Structure formats: C-alpha cells, structure tokens
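Residues per chain, in single letters:
There are 4 protein chains.
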Amino acid sequence: MRPNKREIILKAAEKLFRERRIHELTMEDVAQAAGVGKGTIYNHFENKDDLLFQIATHGFEELCALVAATPKKDKFHARLAALCEQISEFFQQRRAVMRMIHEHEGRLGHLKETMKERWLENRRKLAGAVASILSQGVAEGAVRRDLPCDFLATLLLGMLGARDHDFSHAPGKRPPVEMLVGVFLEGAGVIGGMNGARVSGGENNFGETS
Amino acid sequence: MRPNKREIILKAAEKLFRERRIHELTMEDVAQAAGVGKGTIYNHFENKDDLLFQIATHGFEELCALVAATPKKDKFHARLAALCEQISEFFQQRRAVMRMIHEHEGRLGHLKETMKERWLENRRKLAGAVASILSQGVAEGAVRRDLPCDFLATLLLGMLGARDHDFSHAPGKRPPVEMLVGVFLEGAGVIGGMNGARVSGGENNFGETS
Amino acid sequence: MRPNKREIILKAAEKLFRERRIHELTMEDVAQAAGVGKGTIYNHFENKDDLLFQIATHGFEELCALVAATPKKDKFHARLAALCEQISEFFQQRRAVMRMIHEHEGRLGHLKETMKERWLENRRKLAGAVASILSQGVAEGAVRRDLPCDFLATLLLGMLGARDHDFSHAPGKRPPVEMLVGVFLEGAGVIGGMNGARVSGGENNFGETS
Amino acid sequence: MRPNKREIILKAAEKLFRERRIHELTMEDVAQAAGVGKGTIYNHFENKDDLLFQIATHGFEELCALVAATPKKDKFHARLAALCEQISEFFQQRRAVMRMIHEHEGRLGHLKETMKERWLENRRKLAGAVASILSQGVAEGAVRRDLPCDFLATLLLGMLGARDHDFSHAPGKRPPVEMLVGVFLEGAGVIGGMNGARVSGGENNFGETS
DNA sequence: TATGAATGAGGCTTCATTCAT
DNA sequence: AATGAATGAAGCCTCATTCAT
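One line per chain: the protein sequences are A, B, C and D, in this order. Taking our numbering, the leading residue of the first sequence gets 1447, the next gets one more, and so forth. Taking our numbering, the leading residue of the second sequence gets 1447, the next gets one more, and so forth. Taking our numbering, the leading residue of the third sequence gets 1447, the next gets one more, and so forth. Taking our numbering, the leading residue of the fourth sequence gets 1447, the next gets one more, and so forth.
Think of the hints as simulated: they come from the structure by calculation, not from any bench. Treat the hints with caution; some may be incorrect.
Identical chains blur together in the list; that is why a pair holds if it fits in one copy or across any two.
[Stated by the list, open to error] Computed cross-link-like contacts, DSSO-like style, restricted to lysine-lysine with a CA-CA straight-line distance of at most 27 angstroms:
(1) Lys1461 to Lys1562
(2) Lys1562 to Lys1619
(3) Lys1619 to Lys1571
(4) Lys1494 to Lys1457
(5) Lys1484 to Lys1451
(6) Lys1461 to Lys1484
(7) Lys1484 to Lys1494
(8) Lys1451 to Lys1461
Fair warning: this is a prediction, and the values are worked out from it, not measured in the lab.
The task is simple: from the sequences and hints, build the whole structure.
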C-alpha cells in the first residue's frame, strides 16, 4: 500500500478517462475503479473539482517531463519531428483528459485563487517546454529569431492538436508528423520560385489506407 | 412574434453562453433567458442534447457563411489575414459555444445516427470553406500545391484556435493575425540565409505590457 | 359531424384503452385518436377526470343494456349461462377500461358530489340488472329465496371477474362458463351423499390445450 | 435501526396506501413517511416501479402466510369461514394496495422478465394456498371432487373480493362471511325441493345496522 | 366552436458530499 | 484512516390545462 493511495486514485481516474468512459465521471466510478471507498477520496482531495484539477495537472506534468526528456537528436528538423510525435501520441492517449481540461477551464472562476494560479502556470509549462526546444533551433540557426519562441510553440501545438482532432475518426488517413513539421518550418506559401517543387511528386494525398 | 420561437430560444441560449454563464446551462436558465416557459423549449427541441446540438450546428453555419462571404481582396496574403481575423473574432465571441462543442463531441455516441452524420458534415464544412480560400491561393501561385488544401486548412485553424485560447486572458498581448499568417505562409524555419532579416528589428515581443 | 363530437371522443378514448395503450392515457393521445384538437376535448369534458368518468359510465351503460337485453331463454340455467357469457366477453374487451375504473374509484373523493352520486348509482345498475335476472330465477323456483338477489348478483359477478382475470394469460385453459354457473347454482360443497357424482367423469381438468 | 431500512420504507409505503393517501404515491411522500431522505429509497429500490412491485409482492406474501397458518378447526365449514374472514379483513386493510396491484398488472410488460415471473408466481401462490384448504375439504368429503380445487379457490376469492368491494362504502351492511360461504358450498340454486327452507325466516336482509 | 402553442407545477432520478461506525 | 449508507439540492422532462387566434 506504499504507492500512496492518492496516487492510486489519480491513476484510476485517469485510466477511466482513457477508457473512454467519459460521459460524466462520477465519484462512485472513480472510487470503484480505484478500489477504495467513496469517502476515502475525500481524505485525499478536497472535492471533485480538486480531483479533476489534480488529474489535469498530473497529465500536464507528465507531458512536460516527456518533452523535457526529448533526446538531443542530431538534426533539428528530426528532433522537432520526434518531439511532435511524442506529444501527439500523448494527446491520443489523453483525448478525454484533454477534453476535460478544456471543459474545465471555463470553471476556473470557481477555483480558489491559489489553484487558479497554479493552473495557469501549468498551462504555460507545456508551451514553455516546447518553446525551449525551439530556442535550441534558434541557436542553431534553424528557426527564425524575429518571433518569440513562446508564440511559435503555441502555433505548433495548435497545429498538432488540430491534426489529431480532425483525423481522430480515421487515424489511418492522418498526415504524418513530418508533413506537419514541414509546413511549420517551411510555411504553406511559395517563396521565390522554387517552392512548388518542395515535394517531388507534386500533389500529395498521403496514401489513403482505410 | 414572427422570428419563430425556435430562433428566439436558440439565440437566447447562444447569448447565455456568450455571457460567460457557462458552468452548466440549465433548461431553466435557457427558458428564462428566452422569456418562454420551460415546456416551450420541448415543443421545439427534443431534449437538452438536441438543443445543444442545434446551437452548435447553428454556430458552425454562421461561421461558414462568414467565411464564404470573405471579400475577394487584392493580395492573397491580405485576403487570408482578413479571413483569419474574421474567424478569430467569431471564436472570441463564441468561446463558450466552441468549448461546448468540444465537450460535446465526446457524447456523439449518444446522438442518433442522423445527427451524428449531420454533425460531422458540419465539422467538415468549416475546414472546407477555409480550404477553398486556400485553393484560390494555389491557383494564384501563392500557396504550395504539394499538400492538400484540406490539411493546410486544418493546420491554419489549429493555429488560430491556439492563439485565441492561449491569450484569452490577456487579449492585449495577443500577437496580431498578420504575424500568424506570416508564420503559416513563410514558415517558422530559416530558409536559405535571408530569413533572419524577415522582420527588420530582430527579436520581437509585440510590445503590450499588461 | 352529426354523431356528436362528444361521442367521437368517447369512442376514440375507449378504443385506445381496448388497444392496450394503457400505461397512462394522455389528453394528447386521446385528441390524436379522435382526430380533434386538444382544446376541443375541453369543450365537451370538464377535465381529464370527467373524461375518464364518462368513459367508465359509458362502459357500464353499454353493459347494462346488454344485460337487460338478455333473451328470455327457456331454461333458467341456460339463460344464466348465456348472460354470464355476455358479461364475460364484455369484460374481456374492456379489461383496460375496467382496470381504469377500479383504479379510479380511489379518487372518487376528488369528484364533485353530483358525479360521485351518479357514479355509485351506475355501479349499482349492473348488479341490479343481474339481480333482476336472478329474481326471475326466484320466481321460477330455480333460485333460493332466502338471500337477497343483489347479494347473489354481487357474488356471481365476483366469480366471473375472478375467472376472467386468473385466466387472462391463457384463455384456452379458462373453464367454461357452464362450470362456473354450475358452482354458483349447486355450490361447491357436497350435499347429502349424491353430490360426488354431479359430473359423471369424476375429477375434471377442463381439457388442457396449451 | 436494525429492522433494515428497506423494511422501514416498505412498511411506510404500505401504510401510506392503507391511510387512503392513494391518489398518486410520490417518492417524496414515501420518503417523508419513512422518515428517510428521498435518495435513500434509491439505495434499496431500483426505481418507483420496483418499489411498487416489492410492495405488492410483500403484501401477497403476508397474505399467503396468513392463509397457510389457518388453524385446523374442527368443522370444515367453520374452518373455511374463518379463513375467509381473515382474507377479507386483510383485503379491507389493503384495499389500496390491491388496487395498486390491479392497476399495475397492466404494466407488467415494462418489468424485466425475472420480475414478471416472480410476480405471476406470487399471484398463483394465494390461489394455491386457498386451494390447499379446499383440498382438505375434498379429503373430508365436504367439497365436490369433480372440479379442480384451483378453480374453486379462484371463484371463492372472487366472491370475497366482490363482497368487500361492493360494500366498502357501508361495511355495516355487508353480509356476513358465513352467508357467503353458505352460497359457495351449497349454491344459489334450489336443489330438490328443500332448499327454499335453508334459512328459516324466508327473505333475509341481514339486519341493517348503520 | 375548434385549435394547438405555450405554460409551469410537479414528478422522478442523479450524484457530490457528509458522518457514524 | 477507511468506509459506504444516507442525504437533499438540483436537474430534466411530462402533461393537464389555458387562451389567443
């Protein structure tokens, strides 16, 4: 019983989300999944909002750790792609948690000031982690330096989220991360006259599988 | 009493969302806001899910109409920026509705097949509208033709959403749309050797203090 | 439109009951079935209670008329059996209405005095009709005269109702009316020593069908 | 708090019925009467239908126990009368519950298969209990053996129910059980020539009291 | 007289939270 | 510390009844 009951509950709740039992998580569900009594949860979390908040935070922290641990691959482009792949995979697994986070941000007003602070700080952490990768790119001369990395990180994460979301119903058709990173670094526009040939074969439909 | 009571209820509910009274919309609230009896709502909408679904659909349709009506400005770059500005503004106003849509997609399983179909179709409409603008860019030689416009549209919308979301608490600090469009068209990377000078003044923090 | 809209509504409601759509008759249902607007019902019936009351009354009156019209068959025994057959059949068709009547008697307190009176009077009518048949039997020396016919009628109707009810799920196994009338007239007991032989074949199981 | 809260709720609900507060039992009423919270009921009963079903079953079981416990009095006739008296009294007390049972049978379709089975089984139990008493009569040579006891039991119960029902408004005028049993055993008809004298004083009006 | 959209009281049920054990 | 039965506020929805057309 060492892994701290708090941890057990947290894991169980996260798992519930991952298992698509989204609809509306009840404390009963969480207790059952964690194999503890309903009352026990209240010995470790102030109330349901607190629990959700902790889950979300927990998720972000994991993700941040993941990002920070990105191996310093050789080429920046490859490094960025690997990072995106990781983030994307994480999002895939946590779709429900992320949705919950979204949904929950609307209620931030109900949370106590301290929590609110900690929460927004957490939100910045992810973008920060990605931004720090990008700033490596700047140092290496691979990323434009006329824009703040924070902003670029935000945009990159936005792209990733949109891709994952739009193709969630048919992962087979989802364009590869490389393509996304390509657009991010090279842009969607035509610069000078050589851009039309970026990809050898002209129009691309990223091989329909299913 | 001409504007169809259905319309009245819809508007009222949307307004409720916009007025940040999000937490959890109750049918009571909606009725009150619409100035009708609780039962009246059920004469026009099957149940709460149906109402939410209709609101979401309604929102998307408005947005699609907006996009489709984008004036054919001179330069493609300017045209795209104007479009993004419109979409962004729409999102600002509809944050809550959009959140609700997100939150709701998880429950799509509960909706009847027909609704589900109509819903996913709606989702595609927006991307489609943006994509059609982009394809104009392709025709004009302003957008790379090696990637499907649908995908590019998804990425652009993702960027927009992320920007709006990340800076929702401090709209003053929000980077201008032009900057976003710039990244989208030119990329975040350094191409050749001249990219470092894209913006004259080097590092940029887009002023705005608080 | 001559058959009086009142009559139309009444018939439609009765039919609804007969069609087993019991659960809980709504005014909407009745209106639909009668092919009239909901409001129209209120031009002919004070309220739902009144409507139900009228249906019940209507049913009783039909039944009373049926009983009164029993042909003066030759033998009293046969006459009584024919009568019972009719009543039973009527009950079969009106199970739902009868249940509703039962259920409704509990609410008599809510009905205005006049209605209450008329209702109880109606209740007596049926027993009265049967009693009058029985009194013919008394006159003919076929029915014992030491007990009031009203009472005997009550008992006979009780037997009939119980039979119909108990075998409603398997009408094929329902003992024939003759047998019931036999018990009613001759009794279930053994009188003197000859009763054991009333029915020739000893133990009887009235031919199991299913 | 030993008598099981489930039991408490059941008793309270039954009592409510007995106290004529029929109209329409609300869960609120039941909770109040049982002195528990509304939610508590749902910890012991699946929903309202289930509660009603349990009440009905409970009532039948009590009655069956009562019947089975009928003392083996000396004379069969007296024994039967005592039994009928008991059943009648029970019915008096449970009029409302019984009405509810009636009313409820119409909805049996909505109940799950298991319940349906258990219910019909319960229904048979009562008739069975009475039938077993009657079969004692057969053994003693007091009841005709040419008819199945089940059927006779049904008829007897029907008579009882009808008597109780018809005279519920004026219990004082209700004919004594002995008279009913008399009709049941000896029949309402005239057998041979001596029947007219069964009761010494000719026409009988069972002394008007109230 | 006929209609049916509008109404809102009232019912059933859920579920976060408490507290006695 | 752990439990889960008890609680009741709050939400969704139904449906008898009204009333403007």
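Hint-by-hint comparison with the structure:
1. Lys1461 to Lys1562: Both ways: Lys1461 and Lys1562 sit 25 angstroms apart in one copy and 26 angstroms across, limit 27 angstroms.
2. Lys1562 to Lys1619: This pair counts as between: shortest inter-copy Cα distance 20 angstroms, intra-copy 38 angstroms.
3. Lys1619 to Lys1571: between (31 angstroms within a copy, 18 angstroms between copies)
4. Lys1494 to Lys1457: within (15 angstroms within a copy, 32 angstroms between copies)
5. Lys1484 to Lys1451: both (13 angstroms within a copy, 21 angstroms between copies)
6. Lys1461 to Lys1484: Only inside one copy: Lys1461 and Lys1484 sit 17 angstroms apart there, 33 angstroms across copies, limit 27 angstroms.
7. Lys1484 to Lys1494: both (11 angstroms within a copy, 23 angstroms between copies)
8. Lys1451 to Lys1461: within (15 angstroms within a copy, 36 angstroms between copies)
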